[in-house]
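Q: Protein chains in written order, with this note's numbering: chain W, 102 to 631; chain S, 133 to 344.
Honestly, the hints are just simulated from the structure, not real lab data.
Under the rule of at most 20 Å between Cα atoms (straight-line distance), these lysine-lysine pairs were calculated in the PhoX-like manner:
| no. | chain 1 | residue 1 | chain 2 | residue 2 |
| --- | --- | --- | --- | --- |
| 1 | W | Lys-329 | W | Lys-360 |
| 2 | S | Lys-309 | W | Lys-192 |
| 3 | W | Lys-105 | W | Lys-286 |
| 4 | W | Lys-547 | W | Lys-528 |
| 5 | S | Lys-252 | W | Lys-192 |
| 6 | S | Lys-309 | S | Lys-252 |
Every value quoted in this text rests on a predicted model; they were computed, and no experiment measured them.
One-letter residues, chain by chain:
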Amino acid sequence: MQLKDRIAQGLESGWKVTDGATLTENRTLEADVVVIGTGAGGGTTAEILAKRGLSVILVEEGRLYYQKDFKMDELSAYASLYQEGMSRVTKDGAIAILQGRCVGGSTTVNWTSSFRTPDATLNYWAERFGLDALAPDAMAPWFDGREQRHNMEPWAVEPNVNNDILRQGCDQLGYSWQVIPRNVKGCWNLGYCGVGCPTNAKQGALLTTVPGALDNDAHLIHGLRADKLVMNQDRIDHLRASAMAADGITPSGVTVTLKARHFVAAASAIGTPGLLLRSGIPDPHNRIGKRSFIHPVNACVAEMPEKVEPFYGAPQSIYSDHFNFSGGVDGPVGYKLEVPPLHPAMSAGVIPGHGDTQINTMARLPWMNSVIALLRDGFHPESPGGTIGLRDDGSPYLDYPVTDYLWDGLRRAFHTMAEIQFAAGAKRVRLMHLDSDWYTTLADAKAAIDQLPMELHRVRLFTAHQMGGCGMGANPEESVVNGFGEHHHVGNLSVHDASIFPTSIGANPQLSVYALSARNSTRLANRLKA
Amino acid sequence: MNDNPEVRSVPSDFANLDRRSFLKTSLGGALFLGTVSVTAGLSGCGSMPAGRVSAVGTRMDASYEFRFLTPDDIQLFEALLPAMIGPGLPEQPQARRMAIAGTIERIDAGIHNFGPANQKELRRLFDLLNFGLTRVTIARVWSSWPNVTTEEANAFLERWRTSGIGLFNNGYIALTKISNVAFYGYEDFWHLSGYPGPPQWAVDALPQFQNA
Chain W
102 MQLKDRIAQG LESGWKVTDG ATLTENRTLE ADVVVIGTGA GGGTTAEILA
152 KRGLSVILVE EGRLYYQKDF KMDELSAYAS LYQEGMSRVT KDGAIAILQG
202 RCVGGSTTVN WTSSFRTPDA TLNYWAERFG LDALAPDAMA PWFDGREQRH
252 NMEPWAVEPN VNNDILRQGC DQLGYSWQVI PRNVKGCWNL GYCGVGCPTN
302 AKQGALLTTV PGALDNDAHL IHGLRADKLV MNQDRIDHLR ASAMAADGIT
352 PSGVTVTLKA RHFVAAASAI GTPGLLLRSG IPDPHNRIGK RSFIHPVNAC
402 VAEMPEKVEP FYGAPQSIYS DHFNFSGGVD GPVGYKLEVP PLHPAMSAGV
452 IPGHGDTQIN TMARLPWMNS VIALLRDGFH PESPGGTIGL RDDGSPYLDY
502 PVTDYLWDGL RRAFHTMAEI QFAAGAKRVR LMHLDSDWYT TLADAKAAID
552 QLPMELHRVR LFTAHQMGGC GMGANPEESV VNGFGEHHHV GNLSVHDASI
602 FPTSIGANPQ LSVYALSARN STRLANRLKA
Chain S
133 MNDNPEVRSV PSDFANLDRR SFLKTSLGGA LFLGTVSVTA GLSGCGSMPA
183 GRVSAVGTRM DASYEFRFLT PDDIQLFEAL LPAMIGPGLP EQPQARRMAI
233 AGTIERIDAG IHNFGPANQK ELRRLFDLLN FGLTRVTIAR VWSSWPNVTT
283 EEANAFLERW RTSGIGLFNN GYIALTKISN VAFYGYEDFW HLSGYPGPPQ
333 WAVDALPQFQ NA
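Only chain S is shown next, with the shape it has when bound in the complex:
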């Protein structure tokens, strides 16, 4: 794995940087993440929302228009969700692809409602994870996301969960929260938490559930 060219291209002084002390201060963290966003933009990592992803050759529902997630972000979540949700995802390949794609669409829809300030924070986080240099040095993920195994994705999540650096814990919480809410909160997966849904007698009695 270590012959990934991106690893070799990391300047040694940067790789040896005492990241822990640098990232400890939120100022350092903010400056660093700011730099990543600029760098990512310059190096061609697209920061444009993916819009409608063609149904041909993808797993996406072509009618859904992405308003925040970029094609890179979508690949990131395609790599993370199998580790994030684990055995909650269906095993049958087509059902599994649909479950992942639907969850990513709901993540996008959720983030759209977050508004500009938190979108900016998430853009920094996703750029940091998508940009090869920082993916390797900060996330310690050697392969690009489409080549990351579930085990490697899980190891990355564990590193950020158990890290002594608050910024990484915060990143872990952000990634897991948006994924968990979008997955477990969706009707198709309520059964995984034993939630039967709103009581049927109430649904039957309330006017807002009756078709006109």
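This is chain W alone, in the form it adopts within the complex:
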């Protein structure tokens, strides 16, 4: 039981926390390090630097929400905790982007799945991008350390029915499955991870590293948007930031200038490339914002004979990597299989439809299972990823073309998901596709999967994992930062978030971000203390 609230206590004890909405005049602040973003990367960085005695200012565009605000309600949570009120999409509108926007970033709203970066991915990075120092053996102690820090352990409780269906289907078909490690402590098994953990069980940045930094005198300013890193010759002189009004959306007109010896960008794989592009950071090889990856996701729903209640219980506890690396690391695209929780608003938004069809489908929600496939993009020449660009107002967008190589994987994934659901006893299965009916036999489903057009908009696509755009690598001609997240051209700039991944991960990325940020922040602290 984690009923004592770490945040409320910290605020009472005098943590330095400023709500940008309360600022009424422009101000200038100074610290050793300014960290932009408070998610997996920024939180880790701030805690490690602050514990080493460096003064740290943490900047967060979203607002500070914690237990008092987490009431297991979808509509209020999507509006306040997610980027663009849960409406973020790729440039052409074809892929929905789920991404946190609050203190703790996406770790405040993720489903707690905690995977190490797969060995095959790290070995590929070593071979392809000259990142030998990130080989599995070298990274193991960093994964160990972060697994302890965030209390990550395979879920010891029985999976909920939604997850058990994936397990049963895989068992029937001889596909491998595993139990998912989760970053929770005293979890009540309620099922509301995605709307802010109501019981303080989730050990995301909000309840671990951010409090750790604040205990060590870091200063958190939330409701503050990082606009521009301003250079003076070859170094960043200061960050110019805009305070947001209490609605979290409208700039109040107050500007905050933050000066520091060193700047760490940890604003996500969309936010960080956007910030660097807006700032005109030196980019002689035009690499910023290139090779953006998203683990493109497609989905099937199934109606089961017994109740599933997919809105209750730990949302993700079983996964299958049977098809993730089966075609080789750089062969036909592989995919990881998981299940998503299904609450009414999420389901009604994800399942395309209206009128009688929609209400008849929604009425079966308690009997519904869903399986999702996460495609491992970025390991093949025909999967070069997307591009981060800037709109007229300076805000970032992701342009992500879906190549034939990926469509092939999405079609194969539809086949696999339908096979698993029918093998687990599904009465009928429906693809998340504008043209899909409910199919009562596997043969009908497979015939439809072969015939339905694999086209943007018609196939419903999602991403909860944004990666790349400031890729790391040994060669500055094809990367933005080196293997320690240090910018190739600007000496006092580091990037500590998922944007440094040179490909996707092939697993939910939070532990990869925690571990790399811990490693790179430890080195940064040594540099700055020298």
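Position chain S relative to chain W; hints supplied.
A: Using the frame of chain W, we list chain S on its own:
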């Protein structure tokens, strides 16, 4: 229906335009939608948020202040929601009006949190649907929205769902997503999806649900 004056006023060359090829490219689509926004503004289609709608003679809760939807947008959703939600709406007239009005308010509240970029996209979409010329030529809806029947609204949604033009599919997804989320996600309608809400034992045990 075809003696609607707006139909006759469509210039024949425009009506015969190969819209499919024009809209196929996103550039064409963007230019076209941009034109609509400008035209709609000039022709007096209000793009100002409706603010507080008087409770007298309307179905709205006068205390709710609209921050994004215009009076035209509200009429659009009043016409679309019966097709969108279908039998999920109560039959009793007063309850039905309240359900529609509340859903439109939650749509407005949701869009407010979308931020400027997606608001701009939705403004283009709503202007296209509200402006008579484009409502007829693009959406193929002949009557103005307050005169559109549920069957006609449903036919429009079906056309955009099954269209081979990605831009229309995208419009269908945008309209259904914001409506479905605002409707099915709201506590009063959870029963329609068999969702009992958060477990009561947890609500009883957690401090954030206890009154001070």
